[in-house]
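> Sequence:
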Amino acid sequence: MSAEQNKAVIHRVYDEMLNQDKRSIIDEIYAADVITHDPFMGTVTGVDAFKQLLATFDTAFPGHRVKVHHILAEGDLVSVVHTHTAKHTGQFMHLAPTGREIAVNGIEVFRMKDGKIAEFWRHDDDIGMMMQLGAIPAPAQ
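2 is the number of the first residue of the sequence shown in this note's numbering; add one for each residue after it.
Treat the hints as calculated values from the structure; they're not laboratory data. Don't be surprised by glycine CBs; every beta carbon is placed ideally from N, CA and C. Do not rely on the hints blindly, as some may be mistaken.
In silico DSS-like links for lysine-lysine, alpha-carbon gap of 30 Å or less [stated by the list, open to error]:
| no. | residue 1 | residue 2 |
| --- | --- | --- |
| 1 | LYS117 | LYS52 |
| 2 | LYS8 | LYS52 |
| 3 | LYS23 | LYS52 |
| 4 | LYS114 | LYS23 |
| 5 | LYS23 | LYS117 |
| 6 | LYS68 | LYS8 |
| 7 | LYS8 | LYS117 |
| 8 | LYS8 | LYS88 |
| 9 | LYS8 | LYS114 |
| 10 | LYS88 | LYS23 |
Quick list of the computed label-pair ranges, beta carbon to beta carbon [unchecked claim]:
| no. | residue 1 | residue 2 | range |
| --- | --- | --- | --- |
| 11 | GLN6 | HIS95 | 36 to 46 Å |
| 12 | GLU5 | ILE128 | 27 to 37 Å |
| 13 | SER3 | HIS124 | 19 to 29 Å |
| 14 | GLY116 | VAL69 | 38 to 48 Å |
| 15 | ALA56 | GLN142 | 29 to 39 Å |
| 16 | SER3 | GLY91 | 18 to 28 Å |
Please construct the entire structure, taking both the sequences and the accompanying hints into account.
Here you go:
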């Protein structure tokens, strides 16, 4: 597939799957054996494992949204610069709901194969998110 076709698939991740809560398209756009690299959860393989990671986030931050700033593609790789916004209303790892609003900047890199996401790396400002949630102190000024 062309870089533009790959970008179109990734637009669906943000426009439909995340911002319109259309989780039903996951099997259309993610390979069955997708590899997910996530700083919090580690590396997991398979679309069901990915769905489980997403469900964990959905439970803690229902209705979270993503603003895409840039999508860049070359060959089979697509990179996205984005900001996640959400309200923490459910259990997240060891954190009870705080009710706090968060805005987390990040970059994700996707590797495409046969029109689907075969692998991706999530690189969000997780430390900033944990500071916004009050789980770790902000640095001294």
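> Take the hints in turn and mark each one as holding or not.
Evaluated hints:
no.: 1; hint: LYS117 x LYS52; result: holds (15 Å)
no.: 2; hint: LYS8 x LYS52; result: holds (21 Å)
no.: 3; hint: LYS23 x LYS52; result: holds (12 Å)
no.: 4; hint: LYS114 x LYS23; result: holds (22 Å)
no.: 5; hint: LYS23 x LYS117; result: holds (16 Å)
no.: 6; hint: LYS68 x LYS8; result: holds (15 Å)
no.: 7; hint: LYS8 x LYS117; result: holds (11 Å)
no.: 8; hint: LYS8 x LYS88; result: holds (28 Å)
no.: 9; hint: LYS8 x LYS114; result: holds (12 Å)
no.: 10; hint: LYS88 x LYS23; result: holds (19 Å)
no.: 11; hint: GLN6 x HIS95: 36 to 46 Å; result: holds (41 Å)
no.: 12; hint: GLU5 x ILE128: 27 to 37 Å; result: holds (34 Å)
no.: 13; hint: SER3 x HIS124: 19 to 29 Å; result: holds (25 Å)
no.: 14; hint: GLY116 x VAL69: 38 to 48 Å; result: violated (20 Å)
no.: 15; hint: ALA56 x GLN142: 29 to 39 Å; result: holds (37 Å)
no.: 16; hint: SER3 x GLY91: 18 to 28 Å; result: violated (39 Å)
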